[in-house]
Amino acid sequence: MTRTIELYGRLRGAGLGDRVELELRAGLTAGEALGVLKAVFRERAGLLEGCALATENSVLRSADPLPDSARLAALPPVCGG
Amino acid sequence: MTKLTTEPIDVSGLMAEVSDMGHGGQALFVGTVRDEHEGRRVTAVTYEAFEPLAAAVLSQIARDASRAHGAKVAVVHRLGKLPAGQASVAIAASSAHRAQAFSACRDIIEEIKKQLPVWKKEHYEDGESAWLAGCELAAER
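The listed protein sequences derive, respectively, from chains P and C.
For the first sequence, position 37 (counting from the first letter as 1) is numbered 37 according to my numbering, and the numbering increases by one without interruption.
For the second sequence, position 50 (counting from the first letter as 1) is numbered 50 according to my numbering, and the numbering increases by one without interruption.
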């Protein structure tokens, strides 16, 4: 299934724009999906260190199943305020 | 009341949000864009958010602080490009006594730093810019 992952903060410096489309098989966890994203980032995969996947409502733990239909975003460490 | 906005923060309006005749203490915290970071002259900071989650997290942070301290709270966080000197975040709290209002403001800004999905890109006078490091997000359960 093709899923869109929105990119924020420093991840937009990877030269991939503000979102990427990934082919993710059903039943993947958030951690496994991040692994697929790292492969897409290739030599820029280091930018994903410390990042988490999230939906509009919550941050996903690595072992959480990827929700089927939610909006997904890759979030680097935060620094609001 | 919590809000993410691209408009300048109305601090007086924020204080009015927490006004209460039964509250003898009002506290206000305002975070502003510094013009220097690690020896570099900063001209502006761009604030970016994953807005739907940021709105939900900010609301939860405010509810938690309100409940913990028996305070009325109001929080506004700016988004977009802000020149040095402008307010990026403002937190107002009122409570029966001053200690709870101070504590509510402190808790809210600390949790914003740890939890709010917002990122800062500093712009320097030499034309360069850089995303700032931050706190890793942890899923809540």
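Because the hints were derived from the structure by calculation, they are not lab data.
Certain hints may be false.
Stated by the list, open to error - Here are some chain P residues the structure puts well away from chain C; computed CB gaps all over 10 angstroms:
no.	residue
1	E6
2	R10
3	G17
4	V20
5	E21
6	L22
7	L24
8	L34
9	A39
10	R44
11	T55
12	E56
13	S58
14	V59
15	P67
16	R71
Said to hold, decoys possible - In the EDC-like style, the derived pairs of lysine to aspartate or glutamate whose C-alpha atoms are separated by at most 20 angstroms in a straight line are:
no.	chain 1	residue 1	chain 2	residue 2
17	C	K121	C	D35
18	P	K38	P	D64
19	C	K121	P	E23
20	C	K121	C	E38
21	C	K113	C	E51
22	C	K114	P	D18
23	C	K114	P	E56
24	P	K38	P	E23
25	C	K121	C	E7
26	C	K3	C	D64
27	C	K121	C	E51
28	C	K121	P	D64
29	C	K3	C	D35
30	C	K113	P	E23
31	C	K81	C	E36
32	C	K121	C	D64
33	C	K114	P	E49
34	C	K81	C	E136
35	C	K3	C	E36
36	C	K3	P	E23
37	C	K81	P	D18
38	C	K113	P	E49
39	C	K3	C	E38
40	C	K114	C	E128
Quick reminder that beta carbons are idealized off the backbone N, C-alpha and C, glycines included.
Pair hint outcome, P:K38 versus P:E23 [Cα-Cα no greater than 20 angstroms]: 13 angstroms, holds
20 angstroms limit on alpha-carbon distance, applied to hinted pair C:K114 and P:E49: Distance ~17 angstroms between C:K114 and P:E49 Cα, so the pair holds.
Holds or violated: C:K121 to C:E38, with C-alpha atoms at most 20 angstroms apart: 14 angstroms, holds
Cβ separation check - P:S58 to all of chain C, threshold 10 angstroms: 7 angstroms, violated
Distance restraint between C:K81 and C:E136, which requires alpha-carbon spacing of 20 angstroms or less: Roughly 23 angstroms separates the two Cα atoms, so the pair is violated.
Hinted pair C:K81 and C:E36, Cα distance within 20 angstroms: 16 angstroms, holds
Given pair status - C:D64, C:K121, alpha carbons within 20 angstroms: 29 angstroms, violated
Chain C versus P:E21 - minimum CB to CB distance exceeding 10 angstroms, so not interface: Its Cβ never comes within 10 angstroms of chain C, the nearest being 18 angstroms, so this holds.
10 angstroms cut-off, C-beta based - P:V20 kept clear of every residue in chain C: 15 angstroms, holds
P:R71 non-interfacial with respect to chain C [C-beta, more than 10 angstroms]: 7 angstroms, violated
Distal placement of P:A39 relative to chain C, Cβ over 10 angstroms: Per Cβ check, P:A39 is outside 10 angstroms of chain C; nearest 21 angstroms; holds.
Given hint C:E51 paired with C:K121 - CA-CA distance at most 20 angstroms: Distance of about 16 angstroms is within 20 angstroms: holds.
The structure shown violates the earlier hints numbered 1, 2, 11, 12, 13, 14, 16, 19, 22, 28, 29, 30, 32, 34, 35, 36, 39, 40.
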